[in-house]
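Novice: When you line the sequence shown up against the working numbering, it's residues 1 to 218, in that order.
Don't read these hints as lab results, they were simulated from the structure.
Remember, it's a predicted structure, so these values are computed and weren't measured experimentally.
Fair warning: there could be bad hints in the mix.
Said to hold, decoys possible - Result set (DMTMM-like, lysine to aspartate or glutamate): computed pairs, CA atoms no more than 20 Å apart in a straight line: (1) Lys202 to Asp68; (2) Lys174 to Asp154; (3) Lys174 to Asp193; (4) Lys202 to Asp168; (5) Lys202 to Glu182; (6) Lys174 to Asp146; (7) Lys174 to Asp201; (8) Lys202 to Glu189; (9) Lys174 to Asp145; (10) Lys202 to Asp60.
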Amino acid sequence: MTETILVPGGRDVRATLDRARGDGIDDADETGDTADAAAGRDAVVIACPPHPQQQGHRGDARLVAVSDALTARGVDCLRFDYGAWDEGYGERADTLRAVEWAAERYDRVGLFGFSFGGAMALLAAAEGADVGAVSALGPAGRLADDLDAVAAFDRIPVPVQVVYGTRDDIADWKPVVECAREYHQPVVEFAADHFFVGQEDKVAAAVADFLVSNLGVE
């Protein structure tokens, strides 16, 4: 079951909340607000999409596959679209606001992102996002001097997983992977291109395994 969410924060950030299997929409509160009915749920993962100027959006196949893997294991997933393009700064703020929305309603929150979204997940975690774990898939590296996903590792206090494709010639993932290994964080390698064509389910399973385990979901 899914529902549409408008993430507060002054920018037009819209999201889709995918409920874990067995979580019906019939538990809405008396006003019919199913978003508020999420309060008290156990765990959710915020999914950050690829670059919005390259048609990245919350319906990206990688985000949907990860959401399906999570909801099958009892974890909700909030897939969101960034607001108006803001060189990465507004997009990082959108990610932080999405985490804030989730933290008000769930006991545990994880972060996941693909490509540009992987960098956003890492940068938001470094800025103090209240999350228990972060997974970055085919992450972009340095977006600007002060938007550096590699440098962000110094300030991320939670487990970080980096997943990449060995044939990826689009994202500058190598510095992120090297940094993750230096920090003894888990790295998962696939013989795949940037889009993990034909391997979405395997990738999603690896991401879900990491996030579910580190969020303490039984």
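Novice: For every hint, state whether the structure bears it out.
Specialist: Verification of the hints:
1. Lys202 to Asp68: holds, 12 Å
2. Lys174 to Asp154: holds, 17 Å
3. Lys174 to Asp193: holds, 14 Å
4. Lys202 to Asp168: holds, 17 Å
5. Lys202 to Glu182: violated, 25 Å
6. Lys174 to Asp146: Answer holds: Lys174 to Asp146 is near 19 Å, not above 20 Å.
7. Lys174 to Asp201: It is violated: about 23 Å lies between the C-alpha atoms, which goes past 20 Å.
8. Lys202 to Glu189: Answer holds: Lys202 to Glu189 is near 11 Å, not above 20 Å.
9. Lys174 to Asp145: Given pair Lys174, Asp145 holds - Cα atoms ~18 Å apart, limit 20 Å.
10. Lys202 to Asp60: The hint holds at about 16 Å.
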